[in-house]
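Visitor: Taken in order, these protein sequences are the chains called R and V.
Start counting the first sequence at 1; every next residue gets the next number (the numbering used here).
Start counting the second sequence at 138; every next residue gets the next number (the numbering used here).
Hints listed in this document are in silico derivations from the structure and should not be mistaken for laboratory results.
Every residue, glycine too, gets a C-beta built ideally from N, C-alpha and C.
Do not take every clue at face value.
Said to hold, decoys possible - Cut-off 27 Å, straight-line C-alpha distance, at most; resulting in silico cross-link-like pairs (DSSO-like, lysine-lysine): (1) 195/V with 75/R; (2) 5/R with 195/V; (3) 191/V with 75/R; (4) 166/V with 69/R; (5) 132/R with 185/V; (6) 69/R with 59/R; (7) 132/R with 232/V; (8) 166/V with 132/R; (9) 195/V with 69/R; (10) 33/R with 166/V; (11) 166/V with 75/R; (12) 33/R with 261/V; (13) 61/R with 185/V; (14) 69/R with 58/R; (15) 58/R with 75/R; (16) 134/R with 191/V; (17) 195/V with 185/V; (18) 63/R with 166/V; (19) 195/V with 63/R; (20) 77/R with 132/R; (21) 134/R with 185/V; (22) 191/V with 59/R; (23) 166/V with 5/R; (24) 77/R with 166/V; (25) 5/R with 63/R; (26) 191/V with 33/R.
Stated by the list, open to error - Every beta carbon over 10 Å from chain V, so not counted as near; a handful from chain R, in silico: (27) 27; (28) 59; (29) 60.
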Amino acid sequence: MNFLKFLFVGILFGIILVKSEAVSWYRIFEMFKFQSFHMYGIIGSAVGLGIVSVYLIKKYKIKSIEGQKINILAKNKSFINYLLGGTIFGLGWALAGACPGPMYILLGTGVFSMLIVIAAATLGTFVYGLLKSKLPH
Amino acid sequence: MEYILNPWPWYISGPLITLVMVILILFGKNFGMSSNLRTLCTIGGADKYADFFKIDWKSYSWNLVVVLGAIIGGFIATQFLSNGAPIDLSIETIKDLNTLGFSNAGETLLPPEIYSWDAILSLKGMSILIIGGFLVGFGARYAGGCTSGHAISGLSNLQIPSLIAVIGFFIGGLVMTHFILPLIF
């Protein structure tokens with residue numbers, strides 16, 4: 001059951017991201033060129049509705065389906081890691097056109113060269129883990 | 138059926154992404170895809186090399202199931218829920234891409250100039266995928282999240298760190314798109 005419910009969420013996520021074209025390299029390029037509202041509409045409406053949803057979940061202290069208190073993890077209060085890490089991420093996102101969700105989804109659409117991107121992203125995460133203590137945070 | 142087979146407009150897609158986030162929250166989890174890369178490292182034995190990977194990967198295995206579902210979802214969407222309609226890119230985008238040497242922009246999800254076997258078997262093509270993927274994996278963990286964790290979940294929770302990260306995403310993306318891509322292509 002646990003397996004099936006998360007599998008279902010993943011399938012839903014994959015379908016939505018393909019049908020929205022948010023997995024497309026071209027759409028990412030277009031977004032960073034400010035030449036279409038499409039991606040801004042997707043992210044904007046997702047966040048707008050997300051703010052309302054999270055607010056309501058907190059306000060009414062809605063419990064998870066297992067009856068547990070919902071705990072949305074707060075991020076550490078630091079600065080430079082978010083800005084530097086974010087910038088590095090953005091460079092890769094606009095180059096490969098795929099972020100960590102879409103890279104799996106695109107694999108499912110039949111783009112097997114995406115395995116190289118996934119392997120490289122795993123390596124990037126590994127190298128971050130090795131260097132973590134030496135990087136400014 | 139036509140509505141499903143055609144590309145979905147932003148005002149359908151955006152709220153559905155919120156739905157995915159809300160379902161995961163109600164399941165007692167968080168919406169964040171890049172942490173799977175860390176889990177994969179740990180499963181591969183990275184915990185022998187850095188404390189960062191000393192995590193109980195089984196407590197994150199639910200997210201790997203989401204990944205498996207996402208792959209299946211990508212397959213279902215292209216095989217059964219698409220009519221092959223080209224991506225409705227703006228005229229300026231198509232023109233700019235033509236100038237860079239990308240022909241038939243929008244006819245597939247990804248440009249064959251980067252993702253076809255011909256392209257990746259060249260040094261340039263292989264380098265693009267490896268460097269792009271590496272930066273995404275490194276940057277996401279350094280920033281503590283990616284598009285799903287920061288731009289969607291974090292901003293929905295009004296977290297300042299996520300706003301800083303998203304500003305970073307844009308700095309990097311704008312530099313790549315406006316200054317580096319024209320040098321590569």
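Visitor: Take the hints in turn and mark each one as holding or not.
Guide: Consistency of the hints with the structure:
1. 195/V with 75/R: holds (22 Å)
2. 5/R with 195/V: holds (17 Å)
3. 191/V with 75/R: holds (20 Å)
4. 166/V with 69/R: holds (11 Å)
5. 132/R with 185/V: Roughly 15 Å separates the two Cα atoms, so the pair holds.
6. 69/R with 59/R: holds (12 Å)
7. 132/R with 232/V: Not satisfied, since the Cα-Cα distance of roughly 42 Å exceeds 27 Å.
8. 166/V with 132/R: holds (25 Å)
9. 195/V with 69/R: Between residue 195/V and residue 69/R the Cα gap is close to 21 Å, so the pair holds against 27 Å.
10. 33/R with 166/V: violated (34 Å)
11. 166/V with 75/R: holds (15 Å)
12. 33/R with 261/V: Holds: residue 33/R and residue 261/V sit about 23 Å apart, inside 27 Å.
13. 61/R with 185/V: violated (40 Å)
14. 69/R with 58/R: Holds. Residue 69/R to residue 58/R sits at ~10 Å (cutoff 27 Å).
15. 58/R with 75/R: Status holds; Cα separation ~17 Å.
16. 134/R with 191/V: holds (18 Å)
17. 195/V with 185/V: holds (17 Å)
18. 63/R with 166/V: This hinted pair holds, its Cα atoms lying about 12 Å apart.
19. 195/V with 63/R: Holds, because 23 Å separates the two Cα atoms, which is no more than 27 Å.
20. 77/R with 132/R: Given that 27 Å is the threshold and the Cα spacing comes to 17 Å, the pair holds.
21. 134/R with 185/V: Within the cut-off at roughly 18 Å; holds.
22. 191/V with 59/R: Violated, at roughly 35 Å.
23. 166/V with 5/R: holds (12 Å)
24. 77/R with 166/V: Since the Cα atoms of residue 77/R and residue 166/V sit roughly 21 Å apart, the hinted pair holds (cutoff 27 Å).
25. 5/R with 63/R: With a Cα-Cα distance of about 17 Å, the restraint between residue 5/R and residue 63/R holds, given a limit of 27 Å.
26. 191/V with 33/R: violated (40 Å)
27. 27: With a cut-off of 10 Å, residue 27/R comes too close to chain V, as the shortest Cβ separation is near 7 Å.
28. 59: For residue 59/R, whose nearest Cβ neighbour in chain V is about 13 Å away, the distance exceeds 10 Å, so it holds.
29. 60: Per Cβ check, residue 60/R is outside 10 Å of chain V; nearest 12 Å; holds.
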